[in-house]
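**Q** One letter stands for each residue in the lines below.
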Amino acid sequence: MLDIKIDQKGGVMLSGRFDASQVNKAKPVFDDIKESKTIDLTALDYISSAGLGILLTTQKRLKDSGHQLILKNMNKHIREVFKYAGFDRVFQIE
Amino acid sequence: MQAEFNRDIESLKDIFSFIQSFMDKEKLDQDLESPLNLVIEELFTNMLKYNPGNKKKIEIDLKKEDDRISIILTEFDVEPFDIRTVAEYNARQELKKRPEGKVGLHLVKKYVDDIDYEYNNRISKIRLIKNLRTLHA
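So the sequences go chain by chain: A and B.
Sequential numbering from 11 applies to the first sequence in our numbering.
Sequential numbering from 6 applies to the second sequence in our numbering.
Some clues are possibly wrong.
Unchecked claim - Some but not every residue of chain A turned toward chain B, in silico, with C-beta under 10 Å:
1) A30
2) V33
3) T67
4) D74
5) S75
6) G96
7) F97
8) R99
Calculated from the structure, these hints are not laboratory results.
Note that beta-carbon positions come from the ideal geometry of N, C-alpha and C, so glycine has one too.
In isolation and in its complexed conformation, chain A is listed as follows (with noise of 0.2 Å):
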């Protein structure tokens, strides 16, 4: 299962999985970010590449403007498929 809350400042947080399952949850809320925005994934335990593909959608589409998504607090795991994947080499990552 995957929460998405984003704050008062706009700040985006994920928590819990984000598999092929919860696609259709992510999508609207990804493709309403319109400007830079900073995604905390300190409680997301977990993502495979339906969730990548969603992301990368949408720093596409940011960067086509001038914006980003900015990635903080990854656990172990999810960094290290951001590494095989080579998506840290297209998102910034704190």
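Following the hints, position chain B against chain A.
**A** What follows is chain B alone, placed relative to chain A:
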């Protein structure tokens, strides 16, 4: 341990529970959870994507064999699909040129140590090996 799963994205939660039960039974390092979940999710969802009309359940078999884990996914009444023949994903590619797909099977190949494939009588069987010695390598 072996179980069959409906060809439905909602089966993922049951698959993840099945993997956790296997890990508990074999007392495996929890660092294996994410890689096992990921490789099985990627293959399972790939099977759903490429055989949408098929109603036959997908079988998953997990075994601990000495210092390695064997993962077998079996699909029935399908055309052959050998993931070893899929073109390499370029993980160094710049953002604009990256395809919005294809990374899943690349991750499978990164996480496992060996992949075998068999196809007979319209039964497709993918066998993955994860060496426990390379888990923290």
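**Q** Please check whether A/T67 passes as an interface residue: C-beta within 10 Å of a C-beta belonging to chain B.
**A** Holds, because the Cβ-Cβ distance from A/T67 to chain B comes to roughly 5 Å (cut-off 10 Å).
**Q** Restraint: A/R99 near chain B, CB-CB cut 10 Å. Satisfied or not?
**A** holds (7 Å)
**Q** So, as I understand it, the hint says A/S75 touches chain B; can you test that by seeing if any CB pair is closer than 10 Å?
**A** Violated: closest Cβ of chain B sits about 13 Å from A/S75, beyond 10 Å.
**Q** Is the hint on A/G96 kept, meaning its closest Cβ partner in chain B is under 10 Å away?
**A** holds (3 Å)
**Q** Is the shortest C-beta separation between A/F97 and chain B less than 10 Å?
**A** For A/F97, the interface hint holds, since the closest Cβ of chain B sits about 8 Å away, which is under 10 Å.
**Q** Report holds or violated for the interface hint on A/D74, using the least CB-CB distance to chain B and a cut-off of 10 Å.
**A** holds (9 Å)
**Q** Hint validation: A/A30 versus chain B, beta carbon distance must be below 10 Å. Holds or violated?
**A** OK, holds: A/A30 within 10 Å of chain B, min 5 Å.
**Q** Just to be careful: measuring from the Cβ of A/V33 to every Cβ in chain B, is the smallest value less than 10 Å?
**A** Result: holds, 8 Å to nearest chain B Cβ.
Violated hint: 5 only; the structure is consistent with all others.
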